[in-house]
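2 protein chains.
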Amino acid sequence: MSGAQPIENADRPGFLASALSAEGRFSDGASARRWLDERRRAQRCHVERIPFSDLRGWRFEPDSGDLTHESGHFFRVQGVHARCDFPAPLRFEQPIVNQPEIGVLGILAKRFDGVLHFLLQAKMEPGNIDLVQLSPTVQATRSNYTRVHGGKRPRYLDFFLQRGVNRVLVDQLQSEQGLFFLRKRNRNIIVETREDVPLHEDFHWLTLGQIKTLMQEPHTVNMDTRTVIAAVPLVAGGGEALAAGSPAHPAAGSFGEALIASTLAQDEGCQPIEAVLSWLTEIRACAEIDCQPCALNSVPGWERDAHELRRRDGRYFRVFGVEVESDAREVPGWTQPMVQPVETGIAAFVTKRIGGLLHFLVQARMEPGVWNLIELAPTVQWLPGVPTDEDQAPYLLEAVRTDGAGVVRHRSTQCEEGGRFYRYSTENLVVELDPADDRPAPANYTWVTLGQLNTLIRYGNHLNIEARSVLACLDVQG
Amino acid sequence: MSGAQPIENADRPGFLASALSAEGRFSDGASARRWLDERRRAQRCHVERIPFSDLRGWRFEPDSGDLTHESGHFFRVQGVHARCDFPAPLRFEQPIVNQPEIGVLGILAKRFDGVLHFLLQAKMEPGNIDLVQLSPTVQATRSNYTRVHGGKRPRYLDFFLQRGVNRVLVDQLQSEQGLFFLRKRNRNIIVETREDVPLHEDFHWLTLGQIKTLMQEPHTVNMDTRTVIAAVPLVAGGGEALAAGSPAHPAAGSFGEALIASTLAQDEGCQPIEAVLSWLTEIRACAEIDCQPCALNSVPGWERDAHELRRRDGRYFRVFGVEVESDAREVPGWTQPMVQPVETGIAAFVTKRIGGLLHFLVQARMEPGVWNLIELAPTVQWLPGVPTDEDQAPYLLEAVRTDGAGVVRHRSTQCEEGGRFYRYSTENLVVELDPADDRPAPANYTWVTLGQLNTLIRYGNHLNIEARSVLACLDVQG
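Protein chains in written order, with this note's numbering: chain A, 1 to 478; chain B, 479 to 956.
Bear in mind the hints are in silico, worked out from the structure with no lab data behind them. All values derive from a computational prediction rather than experimental measurement. Please note that a few of the clues may not be correct.
Stated by the list, open to error - Each computed SDA-like pair below joins lysine to any residue, with the alpha-carbon atoms no more than 25 Å apart:
hint, chain 1, residue 1, chain 2, residue 2
1, B, 588, B, 675
2, A, 152, B, 765
3, B, 830, B, 933
4, B, 630, A, 287
5, B, 588, B, 506
6, B, 830, B, 746
7, A, 152, B, 766
8, B, 588, A, 273
9, B, 830, B, 744
10, B, 588, B, 527
11, A, 152, A, 46
12, A, 352, A, 268
To be verified - Computed far set for chain A versus chain B, every beta-carbon distance over 12 Å:
hint, residue
13, 90
14, 171
15, 203
16, 214
17, 287
18, 346
Claimed, not checked - Which residues of chain B face chain A? A few of them, derived with a C-beta cut under 10 Å, are:
hint, residue
19, 620
20, 646
21, 663
22, 753
23, 937
Heads up, the beta-carbon is just placed ideally off N, CA and C, and yes, glycines get one too.
So that you can see chain A by itself, here it is in the shape it has in the complex (with noise of 0.2 Å):
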């Protein structure tokens, strides 16, 4: 196991300069777009749904019910039941899938003209929108780079697993979807190499600024790369801002000026950190959470066919086999169970001026599988058909579906994780309110600044995988 090396000269790794570069060197936006494209005909792939009886190693166990794969590794789909006090009585009774081992999800950077670039991968996932999407250079489990299912070693790992003399600048665990996954966790890191990287035509070197560019786009950069980009602050520190001719002004005039100065405010905000981690605290220590994992065949309320599991409401999500034929990946064609949420989430931070910088509202949200069972999610988390405090709307959510209620300064739509999900997709949004707003949070709300959004993202499974996901699309571009 080879040590992390120091980060040299750790004010200014680079990452705004990069942020700005709204071209890499070697394409402009539309280039890059147009590599996508390419790789998108590229790819033959084909995923057609199929019944549970037709996945090959699948099997439904007779025992639990759980859906299982006969070799004991990828994942199982199992129970769970879980209740809780916070923020309301809830109760959850679900399938949930449970893959306990940890995978990596890594992107390489080098400088290139002194600006960090990013090594991101035209990869075909079969739950994904448009199939091919940007994702990070490196993404496999446990089971892919031990080659359990046989098939290639993936490209790049090695710069992850023997790091050598490359830089590390970003490598935490953090939670995934919640909802879905039991205590799942994947590793986020970012390692900087100075040697030659052979190029593989999926694969093309990109600015954060052209990242952040794509991110404006429906269904293109995947959840994977967008979670490891969320943990890239916009700004490292004060001397990188001067660095780069944007120096903070906290009533900057531009959005993206204010994110600039709220990311380098870690005390200047409305709180500390302290205080904020007080708050997290008090509600951790004082909601009451029950949560067991169970048979699946003890959920209540599911029932399944031969083509899937689902509510007997048909709402909320279901269950159902792929078959995948693809030249791409690592072997040829495969089965698998994947996770369909029935409709479209949303996931949106309100921002506002507080004292002229620029705050994030975020809301500690109980979810039966992430790691600390309360993390904390954007101000609207929204799926339709999840078990929810039926005697009150969430917070905002008419608010942020409505224009008006604020200036929009984000909206997208993209995919969840498309190796698990089948065209899953999301909503995100970011809404300023204006400074005058004065309606109060609840009490499970916070305003926070980004600077210390990002402490608590360094130390890991503190922002849930749906807040990174939304902060990684924040552009100072703009």
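Fit chain B to the known structure of chain A by using the hints.
Relative to chain A, chain B alone:
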């Protein structure tokens, strides 16, 4: 739920001034000791081992064999099966205490003559050696303070539950003993008040310096106090060091000065915090761990008679019942199961000046019950009978056992939590190696500054209880 109040003047909460105060407003060292001895005499209590059948309200469940309380509250003794490949192939098959609710370990603080004092309680716990030790102001499970057992409401609880205008100095969730508790976390909180506090005879205001002095003695400051005190940095910032007349000298002569300099060192150590986080992330991501709670009667190798549950070889630990009589607790008498490790444990931090700056050698350690499965432990953590790599003696165990390997900077015998453990004591050690000592550490060990350890403690579930307990004993008065 009241919001946490901002810490005013966060750079100078006054930790160092309190740590340097050998006398408080209400006692010097000798009279504080006399007060505790007097309370020990005043509190009448008696603890006696009893057969399981004499436990009132407790029974072994017929199906699972779990030892449970008829109310469904308090805790459950069940089983756990765990296997891991880190740092060597290990298998745990043992009973474990499942107590899902999060308790409050709260210390009330107040300034007298400008110096922070902490309100400790002379409290009887049935498993304590010497029965009465110094506990936090409030030490309560939810069952205590919702009064499931029908007793009195703990004194001073409202300072923590309804904080009003009081100031939160520390507020964290931390893991408890991972060999004995299944994913148990407690809330470690310090609240500073300016209000008048009516003083009960079992409570006493002490400076940090007085508490540290009492930690030099055996069985005096209980584990719950030690974990909360471990969250208090010896110095909060350079300004505080200057104000206390102790500016940090990296190459300081005395061990106390070296502790202050190391506390102030975040990025001046032999590696930045990013490298420490990456090292830990890599270990957590690469370890294969399977940890499954199970029924007590499915644990092989353990046997039970009318009086105790024990491992067949008689080592590691046993579980039995006790009858408690006391005139100083919320209820006059009760019975309960307790856990007794058979031998004394060792928890030792090995330290060394690297480039003149004091560093601590931490290990990443897997324990079946800690929240993150792998957390940071002291250099040496040893309890006879614990499943371990039989091919290899624990690293540096012999070195810390043998005088002469380094300078012993702290040595004390401390009791573990007396509400669950029966007379379980651990030898706490801090040893300083010669700077020229260049033996290489295994890959699951790394050198960090005290400031980096404080940062990791702040974000919760990074350091295990054994590590925090030793750090609590560090004393700048030396």
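Tested hints:
1. B:588 / B:675: Between residue 588 of chain B and residue 675 of chain B the Cα gap is close to 9 Å, so the pair holds against 25 Å.
2. A:152 / B:765: Cα-Cα ~23 Å, so holds.
3. B:830 / B:933: holds (20 Å)
4. B:630 / A:287: holds (23 Å)
5. B:588 / B:506: Roughly 17 Å separates the two Cα atoms, so the pair holds.
6. B:830 / B:746: holds (15 Å)
7. A:152 / B:766: holds (22 Å)
8. B:588 / A:273: Holds. Residue 588 of chain B to residue 273 of chain A sits at ~22 Å (cutoff 25 Å).
9. B:830 / B:744: It holds: about 16 Å lies between the C-alpha atoms, which stays within 25 Å.
10. B:588 / B:527: violated (40 Å)
11. A:152 / A:46: holds (20 Å)
12. A:352 / A:268: Status holds; Cα separation ~15 Å.
13. 90: Given a closest Cβ separation of 17 Å, the condition holds.
14. 171: Non-interface label fails for residue 171 of chain A: nearest chain B Cβ at 4 Å, not farther than 12 Å.
15. 203: holds (23 Å)
16. 214: holds (27 Å)
17. 287: violated (9 Å)
18. 346: holds (26 Å)
19. 620: This hint holds: residue 620 of chain B lies near chain A, its Cβ roughly 8 Å from the closest one there, short of 10 Å.
20. 646: holds (5 Å)
21. 663: holds (8 Å)
22. 753: Since the shortest Cβ distance to chain A is 4 Å, the answer is holds.
23. 937: holds (4 Å)
Of the hints listed earlier, those the structure fails to meet are numbers 10, 14 and 17, in rising order.
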